[in-house]
Each structure stands twice: as structure tokens, then as C-alpha cells.
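Novice: Protein chains in written order, with the working numbering: chain C, 1 to 266; chain S, 1 to 393.
Keep in mind the hints are simulated off the structure, nothing from the lab. Since we're looking at a predicted model, the values are computed, not measured. Do not take every clue at face value.
Said to hold, decoys possible - When the alpha-carbon atoms are kept at most 20 Å apart in a straight line, the in silico EDC-like pairs for lysine to aspartate or glutamate are as follows:
| no. | chain 1 | residue 1 | chain 2 | residue 2 |
| --- | --- | --- | --- | --- |
| 1 | C | Lys238 | C | Glu146 |
| 2 | S | Lys8 | C | Asp142 |
| 3 | C | Lys195 | S | Asp185 |
| 4 | S | Lys8 | C | Asp180 |
| 5 | S | Lys216 | S | Asp252 |
| 6 | C | Lys195 | C | Asp169 |
| 7 | S | Lys216 | S | Glu29 |
| 8 | C | Lys79 | S | Asp294 |
| 9 | C | Lys79 | S | Glu299 |
| 10 | C | Lys195 | S | Asp178 |
| 11 | C | Lys25 | C | Asp55 |
| 12 | C | Lys92 | S | Asp294 |
| 13 | C | Lys124 | S | Asp294 |
| 14 | S | Lys70 | S | Glu346 |
| 15 | C | Lys51 | C | Glu88 |
| 16 | C | Lys238 | C | Glu88 |
| 17 | S | Lys364 | S | Glu326 |
| 18 | C | Lys95 | S | Asp294 |
| 19 | S | Lys8 | C | Glu146 |
| 20 | S | Lys65 | S | Asp294 |
| 21 | S | Lys278 | C | Glu120 |
| 22 | S | Lys278 | C | Asp142 |
| 23 | S | Lys321 | S | Asp249 |
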Amino acid sequence: MTLKQVQGDETSKMNRINQKLKEDKKLLSIYFTAGYPSINDTVSIIQNLEKSGVDMIEIGLPFSDPLADGPTIQDSSTKALRNGMTSELLFKQLKDIRETVSIPLIIMGYFNPMLQYGVEAFCKKCQDVGIDGLIIPDLPVDVYHEEYKLTFDKYGLINVFLITPQTSDERIRFIDSVSDGFIYMVSSASTTGAKTGFGNEQSEYFERIANMNLKNPQIVGFGISNNETFTAATKQAKGAIIGSAFIKHVTNQGVDVIDTFVKTII
Amino acid sequence: MSYNINDKGYYGEFGGAYIPEMLYPNIEELRQNYLKITAEASFQEEFHELLKDYVGRPSPLYFAKRLSEKYNTKIYLKREDLNHTGAHKVNNTIGQILLAQRLGKTRIIAETGAGQHGVATATVCALMGIECVVYMGEIDIARQAPNVARMKMLGAKVVPALSGSCTLKDATNEAMRDWINNPVDTHYIVGSVVGPHPYPDMVARFQAVVSEEIKKQLIEKEGTENPDYLIACVGGGSNAAGTYYHYLDNTDVNIIAVEAAGKGIHTGESAATSVLGKEGIIHGSKTLLMQTGDGQITEPYSISAGLDYPGVGPMHANLYKTGRAEFISITDDEAMTAGLELSQLEGIIPAIETSHALAVFEHKTFKPDNIIVLNLSGRGDKDLQNYIDYFKL
Ligand SMILES: Cc1ncc(COP(=O)(O)O)c(C=O)c1O
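Pulled out of the complex, with its shape left as it was, chain S reads as follows (with noise of 0.2 Å):
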């Protein structure tokens, strides 16, 4: 049994692409040329230079030992928040504005939660010379104002997601509704494992590089491939996928996915979509979400706007499903805790979605002699203004 996607496009039962026609042909020119186009040696060439060049992969497995000590336990960070713009979004970013430009592709838009992947995305736009709009929810543009005047900065337009709870999920049916209305110059670079059919596999095989890069580091620093666990934050689930990727078949190796549980699971202000979610269709995948018993989509709550979405993606789905992976969920204040725990025992100031992950150790008793490697998905510049108000520092 595989847990990666079948031939099909699912994961087990999970995946698909329930889009409108509108959408069809765009997809279908994705779904013939991805896996084509990104095994071309030009294309794997230019993939690595930037990511080696611009990026500043690969990045660093750190032992994190005075954490490691509180916990009593051996704790590797992956160190994607030292990644240009400050999060592993970029390594998909890079990739697909590689391949919007061997499709031809004139005009870039995106969603984007935090605004990491909407910075990440214009970034890559700027790099290229892309003209660039990004989505964004009312909500996020207000709770992440630093990464809104970076995407200006980087000379895109940012539009703001007025429908809905003004969140993530709103801006993503922004940009879908702008994509059909624009489909013949326009990608769509979605920002997670999310989405119709090829994107979760698209999005996982460029985030993939974070796996291969711990195989070698850990063979390094501990002469074996596999750590016992791997954890990471489950937004819609991009940095979990490129931290499982390699390791999706490995059952000697524990997966931990993290997810936000906000003000308390049954406070109806929640996002952690494993307990509360049901099957069902979000953004053209089959998937799990937030729901009403009449199949409306439900507003989730996160402090941490990179996890404020009522679904995840369909490999995720999976994993939850098959029991491959333990699914924990961590709330605003222990997330929090755990953030500022990190920055006074090692000295980094983690993403408040990475602080969901860590808040894990609080949680969960691990022996003296485990090898974890936790992905440190992103860095918290943008969320200093939300840890100072919170903390009143």
C-alpha cells in the first residue's frame, strides 16, 4: 500500500478534481505537462540553481539542545524559516513559476493566508518579470499587515477577499473565480497540497526537497535516514507534505501532523479538521472539511491565519484516515506559549503556525533516545506584532 497519489489523482478515496468545466481546460493542460516539464533536465537545472543560489538551500538540520534538554528527548529542527522570504513557500513557488513559464503563462495570481506564500509569490514574480495578483482575505490583510507591504513592495497587487468569513478560504475562491475569467495567459500558483487535481502532488513534489534534504543531514549528524518521528503544522498542509514526502512508505518512521484547534475543539472557533471536518468537496479535491450537516462550508477561527482553513489537503485526508499519521491539534495559547518558549531556549522566533507544531512537546512525553525532526516552517517577523500584543511585551 501507497500513500503517495495514485495514477488516478487520489489519495485512497481523497483527491480528484471536482471543478467546473470553466476550469477544465487549465487543469488539463497542468495535469498533461506537470510531471513532463519538471523531469526536463533544463527544468530540474534551473530548479536547483535557485534553490541553491537564491533560496540558500539546502537548509540547515539544527540539533535545537537546550530544547532538546527541557524535553528530554532529541530534537532536530529543519530550518526552513531561513529560507529567502522566510518560509518553505517559496520552494513551491519557485517551481511553478518555472513551469507557468514554459507553459507560456503571462500573468501570475495566488491565494494567501498568512501572506508568506503570497510574498513568496510575488517574489518569484519580481525574479521574473511576471505581472502578479494575490488574494487575500480581509481578515489576513489586517492580522499581516508586514507581509502586505512586502507583496507591494515586490510590485504586486494585492486584492482583498471581501465574501465569507474574509479569510483564506474566501481569497482561494477569489482566485479561482479570477482564473476563470482569465483562463488562457493566467497560472494559478496555489500555495498548498490543496486544490484540484495535480496540484497536491504538484505542490508536494516541489516541496519535496525538504525530506530529501533530512535524509542526507540526519545520515550526517546520526548515521541513519530515519528519525523515529517527523512533525509539522497542517494548514492546508504543504510543509507537512515536503517534511512526510520521503518517508510517506517508511512505517519505521512516526508521522505527527499538527493542526489548529484555536479557542478550545468544541468552541465552534476552531480549525482543526480532523475531528471536525467530514468528507467532502473544498476547492475541487475530495477531501476532509469543516462543515455543516447541509454541506455548507463552516468558518474556521486560528490565530494563526497560515492554518485558518476549514479543509486539508487530500493526502493529509489520507493519512488521517488510514492512520498513518497522528493527528494532534494545539490551541491559540498553547501555540503561543510554545513560540515564546522558542525564542528565549534557542534563540528563534518561529512562524505562529510553526508554534502550533511545537507546542507538541507540552503534549506528547517522547523517549530520551527519539530522533525527532520537526520542519520549522516559517520565521515570526510577521506575527511580532501579534506575539507582542498577546504577551504584552
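The following block holds chain C by itself, in its conformation from the complex (with noise of 0.2 Å):
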């Protein structure tokens, strides 16, 4: 790829996240794994999501060995491919969301289905149903700077990479050099939906990191499941994502009422 490219495509990637950071608001972003509870309940959902005033969603490519995450989502993701999700389909399924939805979307998962896909084809397909960014958490930064981000930066996508409070204060400064949308702040050393409730090692940690004076907003995850974990991770921080308090209300309450869930964080 020539220079020119690469300085033509930054420009195009003041994509939906970039502009929904710039909103003078707390964001509210929910993850939930596709193909659960029911293989084709993924674009009622979303269309849910952002009728409730949700701001940004991570559609969460199920994979079978989720490292870094608790049991919830692993169950979920162990549901959804039970019931037959596969990236292929994801994109099936997402090929006319931007119809009817406008709110960034963002595609979690794990790096091995995408290398099988193909990482340049995957990336390619994001920008075709109009996909904003990835989170990949087990792509190392320094893997993706050196083989992925020209392929990423081509078809308009952000990668979103994450810190945790075992991050160096030198590392975060590298990740917020490489990151062009947000950074992805997990709450404490943990899998997700392990621990509930912050305590003082949080907020020091979001202390610490609102006066590093990053580059990059930072959006909270991992342990956020209420109004109250909302308040306090948003307190510093741009926004906050939530993940297995929503699978579990999703599992208990049916897919219909996702704006009650809504009502009690925002």
C-alpha cells in the first residue's frame, strides 16, 4: 500500500465512533453475544439496543475458548455456537442493519476465527454491513502494529485495544500512540462478570489513568452491571460497557424487554 493511501484512509476514518466520542455525554455501550439466546435474534437486539438509548454496541463473535472471559459469556458463546453462529453468518445476518441502525457497532472476538475468515476478508466484510471497529483481546498490540493495521486502516475500522490496572504507565502510553477511538479500560484483574462492585483499587486505577491526560477517551469494562458500577466507572471516564449483567438479563427476561435493563443504568 502506498503512503498516499494509508493519509487518504485516515482522513475516512472519522468513522461512527470518532463522532460518537465527541458527544457531550456518558456513553453507554452493551456487549451481547450473537446467535444467543436464539440463533436469529441478533438484529432484534441491536435495532432493541438503540431504541433504548444504548450508545455503541459490541456484537460479540462467539468463539469456543474464550480465555478472557467468566462463565457467563463463555455459556453464552457456547449456546450460540450450539445453535449454529459462524462469522459467515454474523455478516448475513448484519447485511442490512445500517438500514435501520445508526449507533456505532462494534464486532468482539477472538483472533482465530477471524484468521481463519481471513483477516483482510473479514475486515473487508465489516466495512461492507458497515461495522465500525474490533476488539480483539488476544491480538497483541505489537502483532497488529506490525502485521494488521495497514489491512485495518484500509477498510475503516478501529481497533480497540484494552488496559488493565497491571498496565505500565509506559505500555499505556504506547497503546494511546497506536489507538485512534477509544481505549478499552478493564476494571481490575479479571475475567469477565467475575467481580461485582468497585472498591479503592478501582478508583485509584481511574485516578491514576484520568491524569495520564490520554490521547484516546476511555471507556470502562469488566464489573459493571447497574446504575451505581455505571456512576462510578463513568465518573472519569468517557463512557462504560457492560457485558454479562446483560447476558444474564437477556437469559432471564427474554430478548422483548431490553429497555427495562436500559432504564436502570441510564
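Build the complex: two chains, separate frames, hints provided.
Specialist: What follows is the structure, given as C-alpha cells:
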């Protein structure tokens, strides 16, 4: 790829995520597992989330061995795979999503399914259906930077990296320098859904990151389940992501009463 | 060209560290320290002293006379089954516990399949007085009951892995999740040459004592340090990595890697990764693994819990891809028969994992003057019930 192309693509990267991050409000992002509880729930969950006032959605592409996830998301992933979810099917379901939905959509998934699909083919499909970004927990920053960044840029996709309370300041600065959307701040040393409530460690961590004056806004995830944790997480950060708590809600209440869940948060 | 690891943590195109950011500080701490610490004189001294006085090394290189006569070739068995705890696994756990102590860790976690690595980990934790938690698939807990009992006797906590296929892959997932949740005080003793860099290299170095000894012992017995063939079974590949280590770049020595074909390669119940696998990522490493076209990791099958893993370590993926090693797959039935044969020809009851390696002699004909060294990776005590049920003894 020539330098000119890369620069051209940089400007087109002012995508829905960047625009949403400019809004003068705290953002609520919701994660759900595609293909759960039923294989064809994907589109209606997305539409209902937008209608309920959610700002951004992470569509979980299920994986057989989700290392960073706790029991709730493991379970929903296993069931989604049993229901028949695949990368190809997800793209089919999302084919017309931009006719009805305008908030930013991010695919969150592990790297192996993308590798098998072909990273470039995967990115192209994302662009075709209107996906704005990706979160791939097991794709390391340095490998992304060396091998895949140009491809992501070519298809206008923002790649979001994680930081944790254990991440050094130096590495946070590096991650900030290679990010151009937001930074996903994992609230504690844990898998998803593991801890409930925030303690001193979190307040200090949130404070430390806020004081670093990073170029990218931060969105907090892991351990957010209600209005209290949402408010605490977004005191300094730009927004927060809810995953396991939403999946539990869907498991217990079904997919038709999503707004009752969202109302308990914001 | 070298078949060993390069300075970026890859064997050819395989290896690396494809890990979530939550594990980065732990892995980075290891990466920065493992070569430095293991090179220290005090480490080397303690490591070798424990291998000698506690494990009972060097393990004998035994000329198997009746087995050699039967197959009309010269077969030496490297007796890792005679190590304390009954397998090669302890070479690695001794090394890693010494490393963990020097990193100031106070809690140890491990995954286990056959339970040999779990026992070897529980053993060194008892030796050092360190808390130990072992993850083991629910199915493996049932089929390797004696080892579960041993771990408990040694004071370890055995936690069943209930996800996925409930075997080694899932136990490994659970151990990694534990590490994510306990990043500061805990060291994860990975049991094979798998996982993110630096694990494959670190474990291979600790197991390399096997080929270091083979070289010396073969000179005494045959006047040469080079056998014509090295044979080892491959689950994740640690006993094989130890057997090959000092011969990797010596292409006068042929390498044979033996995988578990389960009920047959194309039955859907197999663990023959080199045949059925494709390149991808498992447990933080780019390697060969069994997976669907959509990139979901599939559930392997083998009668042997220690070989019931859908991937191989990146060293072995590279040995396969480059053709440096010949890969042979052995079915449950072939392995069981070979295990019974060794018992009755040599008076040695092998672990079912090792029986897979022994079955190579029915598959491949060697020349009468070929010198063959086979790693007898473990003893069969843990498998007695399986042998008895299988042969209705
Ligand atoms: C006796 C024995 N041999 C072989 C293996 C397979 O492991 P690896 O391939 O790492 O040597 C095991 C694993 O539990 C074992 O117990």
C-alpha cells in the first residue's frame, strides 16, 4: 500500500465511533453474544438496544475457548455456537443493519476465527455491512501494529486495545499512541463478570488513568452491572461497557424487554 | 537454519504470545527474567542437585534386548518412567518452581491431563511449601483417578474443569483464567511446550536434560552420541522436545514424533494434530491445531489423557512443516497392544501415552544396525485400571 492511500484512509477513519465519542455525554455500550439466546436474535437485539438509548454496541462473535471470559459469557458463547453461529452467518444477519441502525457497532471476538476467515476478508466484510471497529483481546498490540494495521486502516476499522490496573504507564502511553478511537479500560484484574462492585483499587486506577491525559478517551468495562457501577466508572472515563449483566438479563427476561434493563443503568 | 526458537519467540512461523492484555504483565515478567534467572549459578546448582537427589537423575538409558530382538533393530529406552513421580514432567516442574520462588510468587497453578503434570506440580509445591491449585478436566478426573488421589495426598487442591470437552484443553483455559484473576502472587506452571512465549522455550530447556543425558550415555554404550532415530510421543510435546533438544539441528539424527490417532484419523475421534490440524492460535501460541473451518477449536479424542489435546507446541508444528520430523499417528488399539507387549517382553509397564511411541515398531521397519532411542516418558501405574478394563485381565 502506498503512503498516499494510507493518508487518504486516515481521514475516512472519522467513523461513527469517533463521532459518538465527541458527544457531550457519558456513553453506555452494551455487549451481547451473537446467536444467543436464539440464532436469529442478533438484529432485533441491536435494534432494541438502539431504541432503548444505548450509545454503542459490541457484537460478540462467539469462540469455543474464550480465555478472557467468565462463566456467563462462556455459557452464552457455547450456546450460540451450538445454535450454529459462525462468522459468515453473522455477516449475513448484519447485511442490512445500516438501514435501521445508526449507532456505532463493534465486533468483539477472539483472533482465531478471524484468522481462519482471512483477516483481510474479515475486515472487508466488516466494512461492507457497516461495522466501525473491532476488539480482539488476544491480538497483541505489537503484532497488530506490524502485521494488520494497514489492513484495518484500509477498511476504515478502528481497533480497540485493552489496558488493566496492571498495565504500566509506559505501555499505556504506547497503546494510546497506536489507538485512534478509545481505550478499553478493564476495571480490575479479572475475567468478564467475575467481580461485582468497585473498591479503592478501582478509584485509584481510574484516577491514575484520568491524570495521564491520554489522547484517546477511555471506556471502562468488566464488573459494571447497574447504575451505581456505571456512575462510578464514568466519573472520569467517557463511558462504560456492560456485558455479563446484560446477558444475564436476556437469559432471564428474554430479548423483548431490553429497555427495562437499560433504564436501570441510565 | 535452526529448528530452535528465534529471538522473537518463534519457531519458523509458529509461536509468539497471542494473549489478552490481562496476561501481558505476567508473561512479560517471565520473558524478561527466565533466561537470566535460569543462567544464574545458584539456580543451576539447586536445579541439578534436585534432579540428582530428589528426582533420581540421570535416568538410565536401557538397551531393550528382547524388544530389539523382536523388531530386529537396536532399541534403547530412556527411562523417564523411573523419575520420582513416574514421568518426565517433574524435570519441568522442578525448574519452574525454582523460577517462581525467585520471582517471589507464593501461589502455584497448573493444568493437567493425565495427572502426571498435576502430580509433579503438587510434589514440588509440597517440597517448597507453596500453595497449589491444579485444574483438571472432569473426564480426566474420572479416567486418571490414582493421580487425583496423589495430588490430594500431596496437599494440592484439584479443581474440575467443566467447560467444553472437559479435558486438557479446558483445564488449560481454566488455569489461564485463574491467572488473569490472580496476576500478582501466582505463577502458572504450564506442563508442556505449549502456551505463549516464553513457555514453549522455557519448558523445552528444562526438559533438555533428557537429550543431554542421552548424548553422554550413548557414547558409553555405542561410542557415538548420535542415534539414527529418536522417537517420542507428542501431546503438547514436552517429552519429545526434551528428547530432540540437543539434536534439533543435527540432521544426521532422524526424528519421529508420535501422535494419538484415537479411534482412527478419519473417525472424528482423534487427536492427530499434524494430520487434522491447521495453522491457528490456541492457548496464546500460533501453531497447528484441530479446528472447524470457522476457527472454533474442536474436541479431540484419545484413550490417553496426556495426548488428548487439539494442538501441538510450536516447536513441533515447525518440525512438521519443515519436514525435519516424521509424524506417525497411532490408534488406541495399537497403543494398548504395544503397552502390553513391552510389559511382557521387558517387564516395564508404560504409561498409555508412551505406548503410542512404542507402537511405531509395528508401523515402520528399521535396519538391524539402526540405533534407536525411544523416550519412555512415563510408567503405567496410573493407567492400570484402563489396561485391565481394555484387556479384561
Ligand atoms: C507419561 C506421559 N507421556 C507423555 C505425555 C504427553 O505430554 P508431552 O507431549 O508434553 O510430553 C504425558 C502427559 O501427561 C505423560 O503423562
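Novice: None of the hints should be skipped; say for each whether it holds.
Specialist: Hints, one by one, checked against the model:
Between the alpha carbons of C/Lys238 and C/Glu146 the distance comes to roughly 29 Å, so the proposed pair goes past 20 Å and is violated. The suggested pairing of S/Lys8 with C/Asp142 holds, with an alpha-carbon distance near 12 Å, which does not exceed 20 Å. Between C/Lys195 and S/Asp185, the direct Cα distance comes to roughly 18 Å. Compliance with the 20 Å bound is thereby established for this hinted pair. For the hint pairing S/Lys8 with C/Asp180, the CA-to-CA distance comes to about 27 Å; that exceeds 20 Å, so the pair is violated.
A distance of roughly 17 Å separates the Cα atoms of S/Lys216 and S/Asp252; the hinted pair therefore holds under the 20 Å criterion. The suggested pairing of C/Lys195 with C/Asp169 is violated, with an alpha-carbon distance near 24 Å, which exceeds 20 Å. At roughly 35 Å between alpha-carbon atoms, S/Lys216 and S/Glu29 are farther apart than 20 Å, so this suggested pair is violated. The straight-line distance between the Cα atoms of C/Lys79 and S/Asp294 is roughly 16 Å, inside the 20 Å bound, and the hint therefore holds.
Taking the CA atoms of C/Lys79 and S/Glu299, the gap is near 16 Å; set against the 20 Å cutoff, the hint holds. Distance hint between C/Lys195 and S/Asp178 is fulfilled; the C-alpha atoms sit about 13 Å from each other, no more than 20 Å. For the proposed pair C/Lys25 and C/Asp55, the alpha carbon gap of about 10 Å is at most 20 Å, so the pair holds. With a C-alpha separation of about 14 Å, the suggested pairing of C/Lys92 with S/Asp294 holds against the 20 Å cut-off.
Using a Cα cut-off of 20 Å, the hinted pair C/Lys124 and S/Asp294 holds, with the two alpha carbons roughly 17 Å apart. Using a Cα cut-off of 20 Å, the hinted pair S/Lys70 and S/Glu346 holds, with the two alpha carbons roughly 11 Å apart. Taking the CA atoms of C/Lys51 and C/Glu88, the gap is about 26 Å. The hint is violated against a cut of 20 Å. Of the pairs offered as hints, the one joining C/Lys238 and C/Glu88 is violated, with about 33 Å between alpha carbons and a cut-off of 20 Å exceeded.
Pair hint S/Lys364 plus S/Glu326 holds up; C-alpha atoms about 11 Å apart against a cutoff of 20 Å. Note on C/Lys95 and S/Asp294: the hinted pairing holds, with a Cα-Cα distance of about 19 Å set against a maximum of 20 Å. Among the hinted pairs, S/Lys8 with C/Glu146 is consistent with the structure: their alpha-carbon atoms are about 13 Å apart, no more than 20 Å. For the given pair, S/Lys65 sits about 50 Å from S/Asp294 by alpha-carbon distance, which is inconsistent with the 20 Å threshold.
Restraint check for S/Lys278 and C/Glu120: the C-alpha separation of about 18 Å stays at or below 20 Å, so the hint holds. With a C-alpha separation of about 24 Å, the suggested pair S/Lys278 and C/Asp142 falls outside the 20 Å cut-off, and the hint is violated. With a CA separation close to 15 Å, the supplied pair S/Lys321 and S/Asp249 stays within the 20 Å bound.
Going down the numbered hints, you'll see the structure goes against 1, 4, 6, 7, 15, 16, 20, 22, while the others check out.
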